[in-house]
Each structure stands twice: as C-alpha cells, then as structure tokens.
Amino acid sequence: MSPQPVAAIIGMGDAYASLKDRKDPMQLAVEATYGALADAGVGKHQIDAVFTGRSPWADKRSQWSNIFISHMQMPVTLNSELTMHGAGLTATIAIASQMIAAGRAEYVLCLQSDATELFVDAVAMGAEADADPQFEIPYGPTIPSLYAQAACRYFHEYGITEEDLADVAIANQRWAMQHPHAAKARFGEIDRAKVMASPYVATPLRRWMCSTWGGGTGGALVVTSVENARRAAKPVYVMGYGSASTHEYLSDRMNLRSCRFPGLGALPNLTHTATAEASRQAFAMAGLGHRDIDMAQISVNFAHMAPIVMEDLGFAAKGKGIEIYREGRTGIDGDLPTDTNGGWLSFGQPGISCNMDSFVEAIRQLRGEALGLAPSKRPRTALVQGAGGMLAAGAVTILSTQS
Amino acid sequence: MEIHYIDSWPQPYSQMDAAPYWAALQEEGLTFQRCTDCRETVWPAKSHCPNCGKRALVWEGSKGKGKVYSFSTIMRGPTPAWQAIVPYTVGFVEMEEGYILFTQFDCAPDAIKIGDAVSVRYIKRGEQTLPIFGPAS
Ligand SMILES: [Zn+2]
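Residue numbers (the numbering used here), protein chains in the order written: chain A, 891 to 1293; chain B, 10 to 146.
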C-alpha cells in the first residue's frame, strides 16, 4: 500500500521580534495565529482545540495555553500544553492528528512563541529550568555544561573531535547568512579556525558550537483532515509522527537501568536519545524510507547533537553522523539539506518556540516560500525532529506535499 | 518551585525521600539506597524500588569511591557566586556501589579524564554540606 497521510496542515503563520522591534510572547502568538487562520481560510470560532508546548521562557505564567485562548476570546473544547520540552511542541501535531482521526476535532491550532533574550536573563534562569534542583543545581551546572556531558562521552566513545563539531557550525552558518531573521547572519561565513578560536563556554563546547538566543519568534499551524485539505490552496500532509520521553533530569537518566525502547542503546549512555524511538515510530507510520526524505529540520542546540540526532534518526550509524556534514550533504546542493534557516546554532533559539521555527521553515520550503536560501532541488518531503530538555524527549514528524 | 539561596549558594530543593541523605551529609557521611528485595542500588532517592517496585529501600553508607564517567569545565557561571569560582568542573561519577552521582570535581581542569579514580571530600555551601570528588587518595 502506498503511504497515506493521516492529517494535513492547511494554515501557517509566523511572526518575528528583535531588540529593535520588540514583541512579547503573547503578541507573537497572536500575530502568528491570525496569519495561520487567514492562510487556512478558517475563522477562530472553527478551531476546536489548541495545543502548545510549555510556557514561554519570556512569560512563565503556568497554564499559558489557557491564557492564550482567553486572550484570543476563543473558547475551545480542549486546550493543553505538552510539557516534554521542545519535543512536546513538536508532538502537538501528533495530538492534533489523533483528535482529528478520532472525529473529535475538525480544526486544531498548534502554536508557540517566545522571546527569551528580549525579556529575561537566560543564563541565570537556564540551569534552574532544566537541571535537578535537589541533586544538580547545588553544583552550579549550566545548560551547556549538562549537554557537554554528552559531548564528553561522544568524543570518548566514537573518536569525534572539536574540529568535527566545527564542521556542523560552518554548515549551519552557510544557511543562516542568507536568512533575514537568523541571529548570527551578520557574522558572515566562518571556518574551522574561527570556530576553534572561539572561547569555551563549557568544555569541550566553544561559543560557535553553542546556539545563541536570538530575538523572538512565533509560529502557528492549523491542522485538519486530509479530506478538508483537498480544498486547501497549499496543504502540507502529515505522513507520520512519533515521540518518546525518557526522563526530566540527567541524574535520573544516568541511573536508568532498563528501557522499553531498544533505540536508547545499552545503559548507561549519553549518546543515544529518545529521538531514536520517535523516529522509528514516525517512519513506520509513514511507510517511507530514509531515501524518501528530501530535507530535515532538526534540534541542534549544541554542535555535537547534530551527528547524534542524525544517527538517532537513522541517517547514519552510531559515530558516523558527522560524515553527513563533512560530505556537504546538509548543504544547498546536498541530498539532505538540513536546518535551512541556519538551525538553532545560527538562526538562534528564541526560546521554546525554536521547535516551531523548525516547522515554519519546513513548511515554507515545501511550499517554495523560503525567506532565506532554498535547496537547489525543491523538497517534496521533510522530516522535522524536535528534542527537548536535557536529552529528555524527542519527537519526529514526517511531512509531504503529496497526498 | 523556588530555589532557596544562602550566602548566594543555591540550597538543595530537598524532597522527603532524600531527607536521610542530606542529614548524613551534614556529618560528612555519603549514603545511597539499596533495595533489600532485589539488592539493586537505587539513586536518586525514592520511596519504591524502580527495579522491582517493592517498598523495600534502606540507606547504606558509600565508600565514597568511583570513576569519572563524564565531565565539563564551566567557563561562564550562571550567577555571580558561580562566576566568581570559574573555571569549575561538574560531571558524573560511577560509584563503586553501582550508582551514578552528579557532582563537582575538585581537580585542575586539564588534569581530569574519563575513567580517573576519584574519592569523596566535602564542601559546605550555605547551610548544606555537599559531596565533591577529587583524585583518589
Ligand atoms: Zn528492588
């Protein structure tokens, strides 16, 4: 049987803020939502349910999705936040698809916004948000230092070096240079020497191997049935999805003795993530193979996560993910253009909305409406991978312009 | 959740399961849990064994010895108190008893590597004594 879509995205809206053009998370969310509704040709009273990721860093009120529908004066049957960090946001499409398949919703709105650096001291807040306040915070960890634990092990187990990671930063920066909203675009082209000359943030990660915050973004998607999408102007079909969540704090992960997901590998390890299981589910559901994927938008907040995620997605064997970057396969002429807005490393991570930025970029590219560079061969399928927390959760969605 | 600071140091957000752990540390004792049913070591502290599900956990003293599993030296601290002590190194120790503990390494940043034998020492931050690890004595 040929691959069958399970739902469709018929409306997309995006919004941007910067130090010169300040907008708060609610303003970004509202702007993106009205953009998505107009794009879909749907009114707000037709939206049956609303899903978001967890509260924006720049507006940490709990029950943020309640606050959003309240602000919009948009009563719905169900609204909620998927709290598995950025992966939860990526998985909103899965929940929307499930409600639609169950006949409990016709139109579902999935959205997120954030503007961390415009409103809060993220360095101070960073570790407190994601490290264990009982057993880790008393030692002063930062988010880079927690991700660096994985880099330390990845180097040790697979012989990867800092120079290898420089190649990831270089590849992503090439895309970012041409994107109007990419935080690092102004720095222009970089090379290995430039990356290796940047100071350590937390060993072995240097500044160019770490994402930057980068302004504010909002993104909203209207999801509906495949049947409804046949009347839409520019539908993007959801072919498959998957997700997995293994822990909140790294200390729990390190002491996990067994796991139901074979993709997590032999325990303990810090070199396999929940993305492996999410990917397995998504490909199985889509009925597609890795060669069918024309483009990827993935979660690379630190450079070593690029090869690790590529491996977990099944695009390379463990320890070999870096070759995808080294061979130029993620570039404009490559067979797997990846992070085409510059990714989290160079586009930036405005906050939790970075996972929605990945969807926005995928949909713009699939529709031929890129704000920056487009791959030389127009993609017809895209894989969007969202990770979150301290290697805590992963979600994968496979999209296609073909039904 | 609000983290409590004393003398600018974040104090552990103590949960009831771990109360004996924090109390023992005040007397410079390092402890962990073991399940009396399946014999597995258990960490972080819990009320039920995650391995067998039994409510059969007891506290045991650790020898305070292990090997470096992973580490990272922080060059940019999260708050002024931490910024004042950079560079400092945090990471995981594989304890001899079979559990893995997050800690700070009292080692020169260039002198530490995976697999190094380390042993416990203690440091008081605010009102809480914490276990940190340095080269095995
Ligand atoms: Zn047990």
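None of these hints come from the bench; they were simulated from the model.
Please note that the accuracy of each hint is not assured.
[Said to hold, decoys possible] Below, a list of computed lysine-lysine pairs in the DSBU-like style, where the Cα atoms sit at most 30 Å apart: (1) B:Lys-122 <-> A:Lys-1084; (2) B:Lys-63 <-> B:Lys-74; (3) A:Lys-950 <-> B:Lys-55; (4) B:Lys-55 <-> B:Lys-76; (5) B:Lys-55 <-> B:Lys-74; (6) B:Lys-122 <-> A:Lys-1210; (7) B:Lys-63 <-> A:Lys-1208.
Since the model is a prediction, treat every value here as computed from it, not as a measurement.
We went through each hint and held it up to the structure:
| no. | hint | verdict |
| --- | --- | --- |
| 1 | B:Lys-122 <-> A:Lys-1084 | holds (26 Å) |
| 2 | B:Lys-63 <-> B:Lys-74 | holds (28 Å) |
| 3 | A:Lys-950 <-> B:Lys-55 | holds (29 Å) |
| 4 | B:Lys-55 <-> B:Lys-76 | holds (24 Å) |
| 5 | B:Lys-55 <-> B:Lys-74 | holds (22 Å) |
| 6 | B:Lys-122 <-> A:Lys-1210 | holds (23 Å) |
| 7 | B:Lys-63 <-> A:Lys-1208 | violated (36 Å) |
Of the numbered hints given earlier, the model fails hint 7 alone.
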